[in-house]
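**Student:** Let the hints inform the model, and build the full structure from the sequences given.
The lines below spell out each chain.
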Amino acid sequence: MSQPSDDVLRDIHRRMVRIRVFETEAGRMAEAGKIPGALHLYVGEEAVAAGVMVHLSDDDWITSTHRGHGHLIAKGGAFDRMFAELFGRATGYCRGKGGSMHISNMDLGMLGANGIVGAGPPIAVGAAFSTKFRKTDRVAVSFFGDGASNEGSFHEAANMAALYKLPVIFVCENNGYGEYTPQANHQAIVDVADRAAGYGMPGVVVDGMDAMAVYESAEAAIDRARSGEGPTLLECKTYRFFDHVGVRGMGLSYRTDEELEEWQKRDPIHLFEARLAELGVLSRDEAAGIHEGILEEVKAGIEFAESSPLPDPNTLLDDVYA
Amino acid sequence: MQAPAVGLVANPASGKDIRRVTARASVFDNQEKTAMVRRCLIGVRAMSDVPIRYLPDASRLVEAALDELGFDAEPLDIVPTRGAVDTTRAACALRGATVVITLGGDGTNRAFAKGWLDAPLIPLSTGTNNAFPMMREATTAGAAAGVLASGDVPIEAVAGRSKVIHVEIQDQPRDIALIDAVLTKERFVGARSLEDPARFVAAMLTRADPAGVGMTSVGGFVHPLSAREDAVLKLEFEPGSSRVVHAALAPGRFERIGLAQIAAIPLGESMCLTGPGVLALDGERERVLRKGQHALLTAHRDGPWVIDVSKVLRHASGCGRRA
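One line per chain: the protein sequences are A and B, in this order.
Under this note's numbering, the first residue of the first sequence is numbered 449, with each subsequent residue one higher.
Under this note's numbering, the first residue of the second sequence is numbered 92, with each subsequent residue one higher.
Misleading hints may appear alongside valid ones.
Unchecked claim - For each label pair, taking beta carbons as the anchor points, the in silico distance ranges come out as:
id : chain 1 : residue 1 : chain 2 : residue 2 : range
1  : A       : 598       : B       : 409       : 48 to 56 Å
2  : B       : 122       : A       : 674       : 30 to 38 Å
3  : B       : 356       : A       : 697       : 54 to 62 Å
4  : A       : 697       : B       : 94        : 46 to 54 Å
5  : A       : 526       : B       : 225       : 52 to 60 Å
6  : B       : 353       : A       : 456       : 30 to 38 Å
7  : A       : 674       : B       : 302       : 30 to 38 Å
8  : A       : 674       : B       : 94        : 57 to 65 Å
9  : A       : 582       : B       : 337       : 34 to 42 Å
10 : A       : 456       : B       : 334       : 29 to 37 Å
11 : A       : 737       : B       : 315       : 53 to 61 Å
12 : B       : 172       : A       : 737       : 32 to 40 Å
Said to hold, decoys possible - Below are the BS3-like pairs computed for lysine-lysine, each with C-alpha atoms no more than 27 Å apart in a straight line:
id : chain 1 : residue 1 : chain 2 : residue 2
13 : A       : 713       : B       : 382
14 : A       : 583       : A       : 613
15 : A       : 545       : A       : 747
16 : B       : 205       : A       : 713
17 : B       : 276       : B       : 382
18 : A       : 482       : A       : 545
These are calculated hints, taken from the structure and not from any lab test.
On a predicted model such as this, the values are computed, not experimentally measured, just so you know.
Note that the Cβ used here is the ideal one computed from N, Cα and C, for glycine as well.
**Tutor:** Shown next as structure tokens:
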């Protein structure tokens, strides 16, 4: 495994902070009623997207979930076009017709967030098949949750990926809940990685709150995929700090405040910033400056979105493929 | 002294780290661990009706086995966190038990020894680079625990005391290792495994076995040292060295590793390591050393009593008894 340079470490940090600030402000906008539809926010899970995406180029593919903003941001998504999409404006990534749960951008290799739980893995397998067929070294990374790992689409995708040794990395973001259902109530296992052996691929459990644990594990899995050895299932144990939908959500009592507080003690950004400061890679002041700078970018993105036009009703059927 | 009891600690996290990808380590899924727990429980109950006390781990490994068997056992009063601290807390709570069966790897047993240093253990392997626990059938391991708890066999007659590396870290809490402590030039704990020999700086090993996997293999190919010998092996690494050892650093993975110095030193003699770096304990990156921060390593034979299952059962069958 490579020893990441200071620049790479700062890059991972920046990607995490970009997600945190974007999602926090998006949550604020949603709670103020300014964003239509449901937002599923990624706050708390930033280390997973950043630790994986730092290894990918725009040529590599990803598929995402209903909680997909973090994936696109970590892949290089621009705040202005993302907010415009969330606000349903014509300047958004999908011209305002996709919204939060269907945001995509082919230039960045983002094959789409997806409102259907478990819909992403087969798409990633298709993309990986294309890279193998065309003999390129692109890889496809599919993000999905613990709930999605029960869907037939995941099992079929995992089986095919292993059978054809496709360059896929299945990244399970296990945040302990399928929507409002605790994991223990929707599957008899605790480690989704245990399922990998059943398909004939390695499965690894990763501390999803530790950016470097994700970075190292993702590097190993991506190297394996690029060298033609086939897929890997990485299960990142993580936690969402906000509710399933929005920030405070519906106020349901499916998890406790104490549990949330325990996980917040291992806030991935705080942990990483503490170590970067110890190493002299990024001082506390520099980190604070990055948060502030990104907040300004986010505000500019919101302004761009709010001042953008809604899609022309005459374009309703444009860009519709099926 | 507590009333006779058998303790049971199964680590749901062992055998699942990045070495499934970077090496060829086996996946040790939790269904298999539960199956082993089941066999342990059957073994214990075949020999004894002593109370069984267990860690209620986050994956319900023991509870799943108990549910199926219908056996009574007492959960320790611990709310699991999914971390190694669960095992350490279980060790504290189990102090005084006649014998404890652990299912895990070197790291699991290290975490247990942090809570109860001189515990009587039957360590069963479900980890990756395992030097401390044994690959052994759980049924008869459980039976041996049951025999011991019934009081028919004195533990001293069937167990050996382990060496422990005591790690004193400047300005930080102490730590221990049962098998090895390695200073690396890594900057993060990260995915924990030791991957790049070029970043190894120095190590202390309580045993060096060429038939083992991990750092024990590295030492074992140049200076074998058994768990019984009252010494530890001190290694200093040098990537460009002409002295190279070809050793099994992980399951299915050999590496050529440059060595500068190799020396056996007696127990009680210390070795000082200085940061920056990350200290790996029993094969996993654990503790960060800042620049100039010292860690003093000193080994003593004051660790867990590791029970020889065969000896216990031979005693029980009468073959091991003296006339």
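**Student:** Given a hinted range of 48 to 56 Å, is it respected by the beta-carbon distance of residue 598(A) and residue 409(B)?
**Tutor:** holds, 53 Å
**Student:** Is the straight-line distance between the alpha-carbon of residue 545(A) and that of residue 747(A) 27 Å or less?
**Tutor:** holds, 22 Å
**Student:** Evaluate the given range 53 to 61 Å for the C-beta pair formed by residue 737(A) and residue 315(B).
**Tutor:** holds, 55 Å
**Student:** For the range 29 to 37 Å, tell me whether the beta carbons of residue 456(A) and residue 334(B) fit it or not.
**Tutor:** Holds, since residue 456(A) and residue 334(B) (Cβ atoms, about 33 Å apart) stay within the stated range.
**Student:** Holds or violated: residue 482(A) and residue 545(A), Cα atoms, limit 27 Å.
**Tutor:** holds, 16 Å
**Student:** For the hint 46 to 54 Å, verify it against the beta carbon of residue 697(A) and that of residue 94(B).
**Tutor:** holds, 49 Å
**Student:** Is 30 to 38 Å a correct range for the gap between the Cβ atoms of residue 353(B) and residue 456(A)?
**Tutor:** holds, 35 Å
**Student:** Keeping to a limit of 27 Å between CA atoms, is the pair of residue 276(B) and residue 382(B) held or broken?
**Tutor:** holds, 11 Å
**Student:** Falls inside 30 to 38 Å, the C-beta gap from residue 674(A) to residue 302(B)?
**Tutor:** With Cβ atoms ~34 Å apart, the hint holds.
**Student:** Look at the Cβ atoms of residue 674(A) and residue 94(B) and judge whether their distance stays inside 57 to 65 Å.
**Tutor:** holds, 59 Å
**Student:** Is 30 to 38 Å a correct range for the gap between the Cβ atoms of residue 122(B) and residue 674(A)?
**Tutor:** holds, 32 Å
**Student:** I want to verify a distance hint. Is the separation of the beta carbons of residue 356(B) and residue 697(A) within 54 to 62 Å?
**Tutor:** Given about 60 Å between the Cβ atoms, the range holds.
Checked against the numbered hints given earlier, the structure satisfies every one of them.
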